[in-house]
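Asker: These protein sequence lines map, in sequence, to chains D and F. Heads up, the first sequence is in the working numbering, so the first residue is 1 and it goes up one at a time. Heads up, the second sequence is in the working numbering, so the first residue is 1 and it goes up one at a time.
Just so you know, the hints here were simulated from the structure itself, not pulled from any lab data. Ideal Cβ positions, reconstructed from N, Cα and C, are used throughout, including at glycine. Be aware that one or more of the hints could be misleading.
[What the hints assert, rightly or not] Residues from chain D that face chain F, not an exhaustive set, calculated with beta carbons under 10 Å:
1) P47
2) R53
3) V113
4) Y119
5) V123
6) C124
7) F132
8) L143
[Stated by the list, open to error] The calculated lysine-lysine pairs, modelled on PhoX-like cross-linking and capped at a C-alpha distance of 25 Å, are:
9) F/K286 <-> D/K153
10) F/K32 <-> D/K38
11) F/K189 <-> D/K70
12) D/K43 <-> F/K169
13) F/K849 <-> D/K85
14) F/K419 <-> D/K55
15) F/K419 <-> F/K383
16) F/K217 <-> F/K187
17) F/K228 <-> D/K51
18) D/K134 <-> F/K170
19) F/K75 <-> D/K70
20) F/K187 <-> D/K154
21) F/K813 <-> D/K154
22) F/K401 <-> D/K51
23) F/K367 <-> D/K70
24) D/K51 <-> F/K367
25) D/K134 <-> D/K70
26) F/K187 <-> D/K153
27) D/K43 <-> F/K849
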Amino acid sequence: MVELDDETAFPFFITLVTTSINLLLQIHFVLLISRQGKVRLTKWYSPYSQKERSKVIRELSGMILTRGPKLCNFVEWRGFKVVYKRYASLYFCMCINQDDNELEVLEIIHHYVEILDRYFGSVCELDLIFNFHKAYYILDEVLIAGELQESSKKTVARLVAAQDSLVEAAKEEAASISNIIAQATK
Amino acid sequence: MNPFSSETRLRDMIRAIRACKTAAEERAVVRKECASIRAAVSDNDNDYRHRNLAKLMFIHMLGYPTHFGQMECLKLIAAPGFPEKRIGYLGLMLLLDERQEVLMLVTNSLKQDLNHTNQYIVGLALCALGNISSAEMARDLAPEVERLLQFRDPNVRKKAALCSIRIIKKVPDLAENFVNPVASLLKEKHHGVLLTVIQLCAELCTVSEEALEYFRKKCTEGLVKVLKDAVNSPYAPEYDISGIADPFLQIRLLRILRILGHGDADASDLMNDILAQVATKTESNKNAGNAILYECVETIMSIEDSGGLRVLAINILGRFLSNRDNNIRYVALNMLMKAISVDGQAVQRHRATILECVKDSDASIRKRALELVYLLVNETNVKPLTKELVDYLEVSDQDFKGDLTAKICSIVEKLSPEKIWYIDQMLKVLCEAGNYVKDEVWHGLIVVITNATNLHGYTVRSLYRAIQTSGDQEAVVRVAVWCIGEYGDLLVNNVGMLDLEEPITVTENDAVDVIEAAIKRHTSDLTTRAMCLTALLKLSSRFPSCSQRIKEIVNQSKGSLLLELQQRSIEFDSIIEKHQNLRSALVERMPVLDEATYSVRRAGSLPADTSTSQGNPLQIPNGVPKTIDAPLLDLLDLGADEPAPQNSSAPNFLQDLLGGDILSSASQPGTTQPQKSGTDVLLDLLSTGPSPAQNGSSTTDILSLGPDNNNSNSKTSLNALDSLSLSTVTQAQSVPASSVIDLLDGFGPNPTVPKDNGPAYPPITAFESGSLSLVFNFSKQPGSPQITEIEAKFTNKSSGIYTDFIFQAAVPKFLQLHLEPASSNTLPGSGSGSITQKLRVTNNQHGKKSLVMRIRISYKLNNKDMLEEGQISNFPRDL
Numbered sequence: 001m002v003e004l005d006d007e008t009a010f011p012f013f014i015t016l017v018t019t020s021i022n023l024l025l026q027i028h029f030v031l032l033i034s035r036q037g038k039v040r041l042t043k044w045y046s047p048y049s050q051k052e053r054s055k056v057i058r059e060l061s062g063m064i065l066t067r068g069p070k071l072c073n074f075v076e077w078r079g080f081k082v083v084y085k086r087y088a089s090l091y092f093c094m095c096i097n098q099d100d101n102e103l104e105v106l107e108i109i110h111h112y113v114e115i116l117d118r119y120f121g122s123v124c125e126l127d128l129i130f131n132f133h134k135a136y137y138i139l140d141e142v143l144i145a146g147e148l149q150e151s152s153k154k155t156v157a158r159l160v161a162a163q164d165s166l167v168e169a170a171k172e173e174a175a176s177i178s179n180i181i182a183q184a185t186k
Numbered sequence: 001m002n003p004f005s006s007e008t009r010l011r012d013m014i015r016a017i018r019a020c021k022t023a024a025e026e027r028a029v030v031r032k033e034c035a036s037i038r039a040a041v042s043d044n045d046n047d048y049r050h051r052n053l054a055k056l057m058f059i060h061m062l063g064y065p066t067h068f069g070q071m072e073c074l075k076l077i078a079a080p081g082f083p084e085k086r087i088g089y090l091g092l093m094l095l096l097d098e099r100q101e102v103l104m105l106v107t108n109s110l111k112q113d114l115n116h117t118n119q120y121i122v123g124l125a126l127c128a129l130g131n132i133s134s135a136e137m138a139r140d141l142a143p144e145v146e147r148l149l150q151f152r153d154p155n156v157r158k159k160a161a162l163c164s165i166r167i168i169k170k171v172p173d174l175a176e177n178f179v180n181p182v183a184s185l186l187k188e189k190h191h192g193v194l195l196t197v198i199q200l201c202a203e204l205c206t207v208s209e210e211a212l213e214y215f216r217k218k219c220t221e222g223l224v225k226v227l228k229d230a231v232n233s234p235y236a237p238e239y240d241i242s243g244i245a246d247p248f249l250q251i252r253l254l255r256i257l258r259i260l261g262h263g264d265a266d267a268s269d270l271m272n273d274i275l276a277q278v279a280t281k282t283e284s285n286k287n288a289g290n291a292i293l294y295e296c297v298e299t300i301m302s303i304e305d306s307g308g309l310r311v312l313a314i315n316i317l318g319r320f321l322s323n324r325d326n327n328i329r330y331v332a333l334n335m336l337m338k339a340i341s342v343d344g345q346a347v348q349r350h351r352a353t354i355l356e357c358v359k360d361s362d363a364s365i366r367k368r369a370l371e372l373v374y375l376l377v378n379e380t381n382v383k384p385l386t387k388e389l390v391d392y393l394e395v396s397d398q399d400f401k402g403d404l405t406a407k408i409c410s411i412v413e414k415l416s417p418e419k420i421w422y423i424d425q426m427l428k429v430l431c432e433a434g435n436y437v438k439d440e441v442w443h444g445l446i447v448v449i450t451n452a453t454n455l456h457g458y459t460v461r462s463l464y465r466a467i468q469t470s471g472d473q474e475a476v477v478r479v480a481v482w483c484i485g486e487y488g489d490l491l492v493n494n495v496g497m498l499d500l501e502e503p504i505t506v507t508e509n510d511a512v513d514v515i516e517a518a519i520k521r522h523t524s525d526l527t528t529r530a531m532c533l534t535a536l537l538k539l540s541s542r543f544p545s546c547s548q549r550i551k552e553i554v555n556q557s558k559g560s561l562l563l564e565l566q567q568r569s570i571e572f573d574s575i576i577e578k579h580q581n582l583r584s585a586l587v588e589r590m591p592v593l594d595e596a597t598y599s600v601r602r603a604g605s606l607p608a609d610t611s612t613s614q615g616n617p618l619q620i621p622n623g624v625p626k627t628i629d630a631p632l633l634d635l636l637d638l639g640a641d642e643p644a645p646q647n648s649s650a651p652n653f654l655q656d657l658l659g660g661d662i663l664s665s666a667s668q669p670g671t672t673q674p675q676k677s678g679t680d681v682l683l684d685l686l687s688t689g690p691s692p693a694q695n696g697s698s699t700t701d702i703l704s705l706g707p708d709n710n711n712s713n714s715k716t717s718l719n720a721l722d723s724l725s726l727s728t729v730t731q732a733q734s735v736p737a738s739s740v741i742d743l744l745d746g747f748g749p750n751p752t753v754p755k756d757n758g759p760a761y762p763p764i765t766a767f768e769s770g771s772l773s774l775v776f777n778f779s780k781q782p783g784s785p786q787i788t789e790i791e792a793k794f795t796n797k798s799s800g801i802y803t804d805f806i807f808q809a810a811v812p813k814f815l816q817l818h819l820e821p822a823s824s825n826t827l828p829g830s831g832s833g834s835i836t837q838k839l840r841v842t843n844n845q846h847g848k849k850s851l852v853m854r855i856r857i858s859y860k861l862n863n864k865d866m867l868e869e870g871q872i873s874n875f876p877r878d879l
């Protein structure tokens, strides 16, 4: 076996013709980037190595953050399309195939943002920084394998809340056990 | 929380990182945190494992390496409690991807969790599996997922459906297991389940023809009804988006109907009514409505034709195109591209609007619009459209000029109605964006110019004007210099004036001035300077009165450090000085270049051995017929890798002039050389350094001063453009041949010079599957050991015909790969034919690393998509 050049060995296939039309909407990755170019959330549904990931983020923030406010919300990039939308200081970006429905992806972004907004109560960038894991949990209730799994905001909120309360219950239980131990060893 | 812990909380760490003012400070904080997490990892600290993982995820997001946390994820997943599992799975999805071997270790935990009694834990496992499953895991866990499609809670069913999509993508043969469950789930009422099952159904249809047939027969009617219900459903706040009931569901339904209706008239009939309803009734003032309309248009375009609907769809696109929202205009342009094949006339009606979009301030829209305009151009509208584009070129952004120029050139080349128009347009493009045009474009222009015999005067005068105004555009300068050299006399004497021309007065000295200016201005560009020198030599004969002045200009390059220029100037000087009697014949006008040969060559589709039959006998003044194709090829940058015409009637002196490889094949008639020493002449034209001399020069002639000796390629190819006109004539004048040989000894025939082709490499069978075999033949050019030319040859041993055959290859970073177009995309069966495709691999670590390549071959067999993949690591060493 020939030794391959670390994990980035085969970055991208070179294709001359792309004939197969992808009939499925598939989101390849989701990025949240702040206006200063800081990454707030990344979710990769297609395999990208660590090096590729940072390259992708660099390339895209360079392209997207410099675009003016009136321009369309799509950029073409490496044969894919990146649909982005800015909410306050955050850019929500999703990468899809050339033939996918960009308008629908805008709607999915908005769907996610509304759910975040309800969950945090008028969400701001700081919420997403300090509770980044919650943002991920919510995203996991909205998308799986790059496909939309739920169109009802209420259902998503209910599911996330149910899981949060499971965690809370476990915490309380742990706390009460340690209390009991503390009491007993007094 | 443990009060005795010295570690910081997640929140505090984030705060500390945010408080950093410099990147160095941030690195220090992260380093410290990582150190303490590592310590906790090696202590196997259970209490803070989940907190440490959360920290690691944050650090990971900042772009720092966090691989040491991967095992921690697995430990948390294996823990019994929900909170640990939740964070563990999150970490797993974030820190790992399907390509890591560690992932295999989690298969067992996943299996247990998929069977867990707590539905949320099942949900976590499904989510993780859906997001990062590898093919092995998919195969192992498919039965669990299949079972979960029937789970009592709909929220698990929907996750299982999406997870199944991933499984089928990874292992397509598992598809059939899912067909029946999906068919029953399509009757669900729960939106989440319906949404995801429709997606799963679409995936099944794309991987399996039988599944598609099955769903088409059994489910089309049902799905049409679901869509009807969704469209007409009463207000439901839970699913409502700006007044539309669950647009996501509607879009997915439209998409699955598109798949079912495509190519099937009966199924298409079933959906006509509802599509018409969606197309007419959907509100188009909000994005959600437009998203549905967009999907609906696409479905109408794809299903079997029923006239009325198509009109409806094109009208929607027309409305989109005039929308003020850039997003809507963008998708309209996108869709119109697809609509061209359906109804070209209807799209043409929007031409003016589309043309406006090319000038939009938004790069994404411009790009789409340009692509679309390119498709819209035809014989009838080529003139006005090109004018618009050329006019816009003047004011367009710098970074758009490249794309725009390429498209204009391609339009002009493809559809030009007459030569004068072609020349005019090209001149305009060159003047505006000469630095953006590719070499082939101006090479092509020169070919057209030589063929337009009655326009020579007009062209050279236009170019003379152009070079005055656009002397900074390299391509203009090159073409102008070439033409002034060739047709300088027409310029000065105003020969062949057209009615539309304004007369100009150019003296002989003016013409020389222009070239002198060019040589001074473009000091860093070898090609331009070399072309200038040749032009000067030609002018010295056309304008005898300027001969002395030209000699002086030529002499200035004698001291050039660039070998090519030095040699040219010394040679030319000696021609001007000593060989007056020869000169006029030497620099006669170039014969007309054969357009057909050039365009065929350029397309690269000519088999390598046809040049023997291609000799175009050309009558030149003294009546000696000769073949001109070999020099032509060189002139046109087509690589000197062709065997010389062996039936050439004239002695091969001409070919000797043109390059060692031709020389060698001529001296061994009948043998085909597996390894040609000709490099891509284009590369040579652009490289300034001489190729390493491989043969010591034995001549002491003044002309072979440089180490760049008899058999060197770079010189001959560089010379190709001009030495041609010298050589063709020299050959014709066979009487003074001996003196010519003496004069040009630098190129002289020297058949004893050994040919260095580098070592030969045996062909390898790069890939072999049940029915498909791929053989690689290698060749290398001397002087560039790091470049390997590979000829890939595909043969199909099965009985079926492979259509839509596509070969893809990927290489590691230290290699660069260039793929030429394949000879065909259809591969006949039973080994009765083959596809060949050329690859060029540049190994930046030549000598250290061997070639390695990953390949992917896709094709259709009986209309079924097939995919084969493999890795090639049996390349000969030292490639």
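Asker: Now tell me if each hint is right for this structure.
Answerer: Right, here's what the structure says about each hint:
The beta carbon of D/P47 comes within 5 Å of a beta carbon in chain F, closer than 10 Å, and the hint placing it at the interface holds. Using the Cβ-Cβ criterion of 10 Å, the hint placing D/R53 at the interface with chain F is satisfied: the shortest such distance is roughly 8 Å. Interface restraint check: D/V113 against chain F, minimum CB-CB distance 13 Å, threshold 10 Å, status violated. Among the interface hints, the one on D/Y119 is violated; its C-beta lies about 16 Å from the nearest C-beta in chain F, farther than the 10 Å criterion.
Nearest Cβ of chain F to the Cβ of D/V123: about 17 Å, over the 10 Å cut. The hint is violated. The interface hint given for D/C124 is violated, since its Cβ lies 14 Å from the closest Cβ of chain F, which is over the 10 Å cut-off. Interface restraint check: D/F132 against chain F, minimum CB-CB distance 6 Å, threshold 10 Å, status holds. Satisfaction of the interface hint for D/L143 is found here, the shortest Cβ-Cβ separation to chain F being roughly 8 Å, below the 10 Å cut-off.
Taking the CA atoms of F/K286 and D/K153, the gap is about 19 Å. The hint holds against a cut of 25 Å. A C-alpha spacing of about 21 Å is found between F/K32 and D/K38, which places the hinted pair at or below 25 Å, so the restraint holds. The suggested pairing of F/K189 with D/K70 is violated, with an alpha-carbon distance near 40 Å, which exceeds 25 Å. Distance restraint check for D/K43 and F/K169: the Cα-Cα separation of roughly 19 Å lies within the 25 Å cut-off, and the hinted pair is therefore satisfied.
Note on F/K849 and D/K85: the hinted pairing is violated, with a Cα-Cα distance of about 45 Å set against a maximum of 25 Å. Distance hint between F/K419 and D/K55 is unfulfilled; the C-alpha atoms sit about 47 Å from each other, more than 25 Å. A hinted pair counts as satisfied when its Cα atoms are at most 25 Å apart, and F/K419 with F/K383 qualifies at roughly 13 Å. About 15 Å separates the Cα atoms of F/K217 and F/K187, which keeps this hinted pair within 25 Å; it holds.
Proposed proximity of F/K228 and D/K51 is contradicted: the alpha carbons are some 47 Å apart, above 25 Å. Distance hint between D/K134 and F/K170 is unfulfilled; the C-alpha atoms sit about 29 Å from each other, more than 25 Å. A hinted pair counts as satisfied when its Cα atoms are at most 25 Å apart, and F/K75 with D/K70 does not qualify at roughly 49 Å. Proximity of F/K187 to D/K154 is assessed by CA-CA distance (about 23 Å); at most 25 Å being required, the pair is judged to hold.
Distance restraint check for F/K813 and D/K154: the Cα-Cα separation of roughly 47 Å exceeds the 25 Å cut-off, and the hinted pair is therefore not satisfied. Using a Cα cut-off of 25 Å, the hinted pair F/K401 and D/K51 is violated, with the two alpha carbons roughly 32 Å apart. Straight-line distance between C-alpha atoms of F/K367 and D/K70 comes to about 17 Å, which keeps the hinted pair within the 25 Å bound. Between D/K51 and F/K367, the direct Cα distance comes to roughly 29 Å. Violation of the 25 Å bound is thereby established for this hinted pair.
For the given pair, D/K134 sits about 32 Å from D/K70 by alpha-carbon distance, which is inconsistent with the 25 Å threshold. The hinted pair formed by F/K187 and D/K153 meets the criterion: a straight-line CA distance of about 22 Å does not exceed 25 Å. A threshold of 25 Å between alpha carbons decides the hint, and for D/K43 with F/K849 the separation of about 35 Å lies outside it, so the pair is violated.
In this structure, the earlier hints numbered 3, 4, 5, 6, 11, 13, 14, 17, 18, 19, 21, 22, 24, 25, 27 are contradicted, and the remaining ones agree with it.
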